[in-house]
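S.K.: The residues making up each chain are set out below.
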Amino acid sequence: MSDEETLPWPQGIGFEFLLSVAEVVEGDPQCDDLGAVIAAAARASAMRMGRPIYATPFLRAAAAAITLIRERPLEAGNLAYGLVAATGYLRANGIHLVWSPDEGWDLAKGIETYTLGVTEAAAVLKSWEDRPRGEDA
Amino acid sequence: MGGMAEDMQTQTLTAVETHEAIEQARRDVAAQGLSGELDKFVEAATEDYAKVRVLFAEREAAQPVILAETTDELVARLSRRAA
Chain A
14 MSDEETLPWP QGIGFEFLLS VAEVVEGDPQ CDDLGAVIAA AARASAMRMG
64 RPIYATPFLR AAAAAITLIR ERPLEAGNLA YGLVAATGYL RANGIHLVWS
114 PDEGWDLAKG IETYTLGVTE AAAVLKSWED RPRGEDA
Chain B
6 MGGMAEDMQT QTLTAVETHE AIEQARRDVA AQGLSGELDK FVEAATEDYA
56 KVRVLFAERE AAQPVILAET TDELVARLSR RAA
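For the protein sequence lines, the chains are A and B, in the order given.
For the first sequence, the residue numbers in the working numbering are 14 to 150.
For the second sequence, the residue numbers in the working numbering are 6 to 88.
What the hints contain is simulated information worked out from the structure, not anything from laboratory work.
Predicted, not measured: the structure shown is a model, and the values here were computed from it.
Any given hint might turn out to be false.
Said to hold, decoys possible - Okay, the calculated beta carbon distance ranges per label pair:
#1 B:Glu25 / A:Arg146: 14 to 24 Å
#2 B:Ala36 / A:Arg61: 41 to 51 Å
#3 B:Ala87 / A:Val111: 18 to 28 Å
#4 A:Val111 / B:Glu63: 45 to 55 Å
#5 B:Leu60 / A:Glu133: 14 to 24 Å
#6 B:Gln29 / A:Asp143: 15 to 25 Å
#7 A:Thr132 / B:Glu52: 42 to 52 Å
#8 A:Ala136 / B:Gln68: 22 to 32 Å
#9 B:Arg64 / A:Pro21: 35 to 45 Å
To be verified - To spell it out: a stretch of chain A is covered by chain B in this simulated footprint if at least three of its residues, at any positions, have a beta carbon under 8 Å from a beta carbon of chain B; those stretches are:
#10 21-28
#11 53-66
#12 74-80
#13 101-107
Backbone N, C-alpha and C fix where the C-beta goes; we use that ideal spot for every residue, glycine too.
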């Protein structure tokens, strides 16, 4: 995929950024499938005819999370990896999120079990934006 | 089947190779003038990971892995790590 077909950071999600987040995961898991990390970055930042496939940061975060969680590139910790790659991307772009670990688990499991697709997962992430504190219990 | 398992392997990064790849990625990001942006992203992800680490570890340990490895995949992965 050429550079012209992917959104540059900060709008897009870069491979370098996802690879760095993998280092955060406890136990320093081996990356068993580097292609899945590359695919997550390419998918989330993909463009067609000059327009992003995923038009909002929430959709881009959800697309990356779905690819990471379902393709399981790391030997362990892929649920948390996919989740925090998405939330980290949104927060680094200035989007304030309020959510609990239980809500994070529900989102990650919903993605893993194919209960949530891109639009549904993006809607969950969007619902965490600018909530008053106390709603993340 | 051993040969086939080898043929079917994906390109794997060991933890050391992952660190090397990350260092290269950081140099690439620095060359684009985006080191500060990378740091912000990783810092946010690190904070969020700390928030979910214990709960996710407990629940993942208590649940079966949905996409279990086949025996061939397991043997191939362990062989790669031993090499």
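S.K.: Evaluate each hint against the coordinates.
M.R.: Each hint tested on the structure:
Here the CB-CB span from B:Glu25 to A:Arg146 is close to 41 Å, at odds with the stated 14 to 24 Å. Taken as a hint, the range 41 to 51 Å is violated for the pair B:Ala36 and A:Arg61, whose Cβ atoms sit roughly 27 Å apart. At about 45 Å, the beta-carbon gap between B:Ala87 and A:Val111 misses the expected band of 18 to 28 Å. Here the CB-CB span from A:Val111 to B:Glu63 is close to 23 Å, at odds with the stated 45 to 55 Å.
Between B:Leu60 and A:Glu133 the beta carbons are some 22 Å apart, a value that agrees with the proposed interval 14 to 24 Å. Against the hinted window of 15 to 25 Å, the Cβ-Cβ separation of B:Gln29 and A:Asp143 comes to about 37 Å, which falls outside the hint. Take A:Thr132 and B:Glu52: their Cβ atoms lie about 27 Å apart, and the range 42 to 52 Å is violated. Checked against the given bound of 22 to 32 Å, the beta carbons of A:Ala136 and B:Gln68, roughly 25 Å apart, stay inside it.
Separation of B:Arg64 from A:Pro21 is about 36 Å and conforms to the stated range, judged on CB atoms against 35 to 45 Å. With a cut-off of 8 Å between beta carbons, the segment 21-28 of chain A has 4 residues touching chain B; three or more are needed, and the interface restraint holds. Counting residues of the segment 53-66 of chain A whose beta-carbon sits less than 8 Å from any beta-carbon of chain B gives 0, not enough to reach three: the coverage restraint is violated. Look at the segment 74-80 of chain A against chain B: 0 of its residues bring a Cβ nearer than 8 Å to a Cβ of that chain, fewer than three, so the hint is violated.
With 4 residues bearing a CB less than 8 Å from a CB of chain B, the segment 101-107 of chain A meets the requirement of three and the coverage assertion stands.
Going down the numbered hints, you'll see the structure goes against 1, 2, 3, 4, 6, 7, 11 and 12, while the others check out.
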